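Asker: As they're listed, the protein sequences go chains A, B and C.
Quick note on the working numbering: the first sequence kicks off at 1 and runs consecutively.
Quick note on the working numbering: the second sequence kicks off at 1 and runs consecutively.
Quick note on the working numbering: the third sequence kicks off at 1 and runs consecutively.
None of these hints come from the bench; they were simulated from the model.
Every value quoted in this text rests on a predicted model; they were computed, and no experiment measured them.
Careful: at least some of the hints might be erroneous.
Just a few of them, taken from the derived set where beta-carbon distance is under 10 Å, the chain B residues facing chain C [what the hints assert, rightly or not]:
#: 1; residue: I3
#: 2; residue: P72
#: 3; residue: V74
Here are some chain C residues the structure puts well away from chain B; computed CB gaps all over 10 Å [unchecked claim]:
#: 4; residue: R50
#: 5; residue: V70
#: 6; residue: E89
#: 7; residue: G99
#: 8; residue: D102
#: 9; residue: V146
#: 10; residue: G147
#: 11; residue: R171
#: 12; residue: E197
#: 13; residue: L203
#: 14; residue: A204
#: 15; residue: P213
#: 16; residue: G226
#: 17; residue: L238
Rough simulated footprint, nothing fancy, chain A against chain B, three-plus residues with beta-carbon under 8 Å [unchecked claim]:
#: 18; segment: 98–106
#: 19; segment: 179–187
Ideal placement from N, C-alpha and C gives every residue a C-beta, glycine not left out.
Residue strings, one per chain:
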Amino acid sequence: MTEMSYLDGNMLDGPMRELFTVDLSTAMGRCENCGMTGSMASLHVYSHAPGLVARCPSCESVMVRLVRAPDRAWLDMRGVTYLQVPMPMEQTLPEPL
Amino acid sequence: MGIVSPGFSGRPRSQEPALPPGQYLTEDFPVLSAGPTPRVSLDTWEFVISAENGTEYRWSWQELMALPQETPMVDIHCVTHWSKLGTTWQGVSLDTLLDGVDTGAHFALAHSYGGYTTNLPLDDLRGGRAWVAHTFDGAPLPAEHGGPARLLVPHLYFWKSAKWVRGIRLKTMDEPGFWETAGYHDYGDPWREQRYQGD
Amino acid sequence: MATGTPARAPIKWQVARLVERRVETPTAQTLVLEVPDWPGHLPGQHVDVRLTAPDGYQAARSYSVAGPAVDGPDGPRIEVTVQRVPDGEVSPYLIDVFGAGDPVEVRGPLGGWFIWRSEDTAPVQLVAGGSGIVPLMAMIRARRAVGSKVPFRLIYSVRTAQDVIYADELRRRGRDDFGLDVAYVYTREAPDGWRGEPHRVGLADVNTHGWPPDLEPLTYVCGPTGFVEAVADLLVGLGHSSRRIRTERFGPTG
Numbered sequence: 001m002t003e004m005s006y007l008d009g010n011m012l013d014g015p016m017r018e019l020f021t022v023d024l025s026t027a028m029g030r031c032e033n034c035g036m037t038g039s040m041a042s043l044h045v046y047s048h049a050p051g052l053v054a055r056c057p058s059c060e061s062v063m064v065r066l067v068r069a070p071d072r073a074w075l076d077m078r079g080v081t082y083l084q085v086p087m088p089m090e091q092t093l094p095e096p097l
Numbered sequence: 001m002g003i004v005s006p007g008f009s010g011r012p013r014s015q016e017p018a019l020p021p022g023q024y025l026t027e028d029f030p031v032l033s034a035g036p037t038p039r040v041s042l043d044t045w046e047f048v049i050s051a052e053n054g055t056e057y058r059w060s061w062q063e064l065m066a067l068p069q070e071t072p073m074v075d076i077h078c079v080t081h082w083s084k085l086g087t088t089w090q091g092v093s094l095d096t097l098l099d100g101v102d103t104g105a106h107f108a109l110a111h112s113y114g115g116y117t118t119n120l121p122l123d124d125l126r127g128g129r130a131w132v133a134h135t136f137d138g139a140p141l142p143a144e145h146g147g148p149a150r151l152l153v154p155h156l157y158f159w160k161s162a163k164w165v166r167g168i169r170l171k172t173m174d175e176p177g178f179w180e181t182a183g184y185h186d187y188g189d190p191w192r193e194q195r196y197q198g199d
Numbered sequence: 001m002a003t004g005t006p007a008r009a010p011i012k013w014q015v016a017r018l019v020e021r022r023v024e025t026p027t028a029q030t031l032v033l034e035v036p037d038w039p040g041h042l043p044g045q046h047v048d049v050r051l052t053a054p055d056g057y058q059a060a061r062s063y064s065v066a067g068p069a070v071d072g073p074d075g076p077r078i079e080v081t082v083q084r085v086p087d088g089e090v091s092p093y094l095i096d097v098f099g100a101g102d103p104v105e106v107r108g109p110l111g112g113w114f115i116w117r118s119e120d121t122a123p124v125q126l127v128a129g130g131s132g133i134v135p136l137m138a139m140i141r142a143r144r145a146v147g148s149k150v151p152f153r154l155i156y157s158v159r160t161a162q163d164v165i166y167a168d169e170l171r172r173r174g175r176d177d178f179g180l181d182v183a184y185v186y187t188r189e190a191p192d193g194w195r196g197e198p199h200r201v202g203l204a205d206v207n208t209h210g211w212p213p214d215l216e217p218l219t220y221v222c223g224p225t226g227f228v229e230a231v232a233d234l235l236v237g238l239g240h241s242s243r244r245i246r247t248e249r250f251g252p253t254g
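Take the sequences, apply the hints, and build the full model.
Answerer: See below:
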């Protein structure tokens with residue numbers, strides 16, 4: 001039970017969709033600690049805790065923390081170097097902003 | 001508030017004076033964890049108090065067990081709303097461990113095997129209110145509840161009672177810990193319902 | 001809603017009402033909910049259900065949607081299957097108290113990862129532990145609903161025969177849905193006439209009833225965390241790429 005007490009990153013979708021319009025469970029993320037890049041859905045999520053803690057499946061470093069109070073939410077993503085989010089194809093070419 | 005579902009009451013919430021506001025009573029002992037359970041061998045286990053001047057005070061498992069033992073019977077209150085009354089523990093008072101530690105610090109940061117941290121005012125670790133506990137209900141503290149040893153500071157929300165405690169750093173400045181950097185209250189008094197920052 | 005089309009409105013709670021319930025096993029029931037503004041979903045997605053008490057206390061849980069939405073007289077209807085968790089807070093209410101016409105709040109669909117798309121032509125293997133069958137059943141039902149010929153194999157681990165959710169339907173589909181194979185593993189007590197002893201899903205089960213790795217199947221594993229861990233390890237050990245294995249673990253909260 002003890003080592004088996006985490007869930008998949010899939011379950012981040014509901015709580016994160018309160019903050020974002022994209023489904024982060026389909027995004028790729030890079031672990032700040034070990035550099036592994038993979039689907040956010042594959043993170044190990046510890047939910048029996050005062051908040052959600054999502055850890056890298058490779059090195060177990062904390063990648064995401066989400067705490068939800070009745071009227072506020074705190075999101076800490078310092079363990080994620082970047083997110084790669086799938087976007088709909090657009091015709092416009094990139095140009096300097 | 002959402003639409004009421006007829007007949008739904010949820011877990012019984014406290015009307016009892018013995019429970020802090022917003023808490024419900026539980027008879028079992030829920031396991032909360034923010035990461036994998038560390039497995040710590042008693043041969044290599046140690047507890048370290050680091051003073052702000054760099055001095056370290058260390059205890060091995062045998063040395064901890066050789067210190068005077070206390071058996072507090074306390075109520076515990078988790079910020080996830082459950083409370084458990086009359087729990088019995090055995091451990092070493094922080095008064096005993098801090099005795100002889102030369103410090104002018106006002107703050108403490110407890111740290112654990114596995115990387116967890118939590119901050120408390122140093123005063124809250126004194127005065128017979130805090131222990132390094134290794135026995136629960138007459139048996140060695142199970143790993144999922146923080147064994148070999150956890151901090152026990154029952155007058156604050158239970159996230160302050162760091163599981164798998166490894167040491168305490170004494171600090172002149174308050175340094176927020178794992179949950180305190182993610183929205184939880186720096187002090188966490190259940191009777192004043194200090195759950196989140198600003199409560 | 002689909003992967004690759006991320007721009008969506010922020011998700012909102014909406015009121016759903018119970019239309020009917022079906023008993024699946026002694027401990028599981030299917031609830032049919034009418035959700036007027038349901039936007040549609042993909043097989044494998046889930047929905048959050050929130051209950052509110054008269055004093056404002058709330059409890060929410062996540063449930064897999066069990067099949068395609070259907071049109072009712074007052075809007076779309078979706079099904080969820082609820083497994084009773086002893087001493088749970090939400091599941092006993094939904095099974096014992098929640099009555100026809102009563103409201104709950106729902107939000108969804110959620111989860112864009114543990115889904116099956118009928119455009120994907122790879123063979124599919126589904127491995128279910130207990131009530132982990134629910135999102136996999138949604139895929140089996142969707143496959144038939146769109147007339148897909150993608151071959152599916154289901155390995156369904158249950159404690160005893162009476163714990164099989166959707167038992168009659170699975171028997172019928174195993175016979176009638178061309179290209180769907182259904183195999184059971186009993187962990188506690190096997191039914192009469194069953195060959196072999198009760199056991200946990202092992203190498204032989206996956207070898208016999210799953211697809212070989214060189215077919216590069218898509219695998220979906222759903223169940224309690226320990227079950228999912230064990231099955232995923234078995235599959236990787238057999239040579240399946242972990243990139244082709246999608247998992248959904250659920251915890252004991254109920």
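Asker: Hint by hint, note whether the structure agrees.
Answerer: Quick rundown of the hints versus the structure:
no. : hint    : verdict
1   : I3      : holds, 5 Å
2   : P72     : violated, 28 Å
3   : V74     : violated, 24 Å
4   : R50     : violated, 6 Å
5   : V70     : holds, 23 Å
6   : E89     : violated, 6 Å
7   : G99     : violated, 7 Å
8   : D102    : violated, 5 Å
9   : V146    : holds, 34 Å
10  : G147    : holds, 38 Å
11  : R171    : holds, 35 Å
12  : E197    : holds, 31 Å
13  : L203    : holds, 26 Å
14  : A204    : holds, 30 Å
15  : P213    : holds, 29 Å
16  : G226    : holds, 14 Å
17  : L238    : holds, 26 Å
18  : 98–106  : violated (count 0)
19  : 179–187 : holds (count 5)
Hints 2, 3, 4, 6, 7, 8 and 18 from the earlier list are contradicted by this structure; the remaining hints agree with it.
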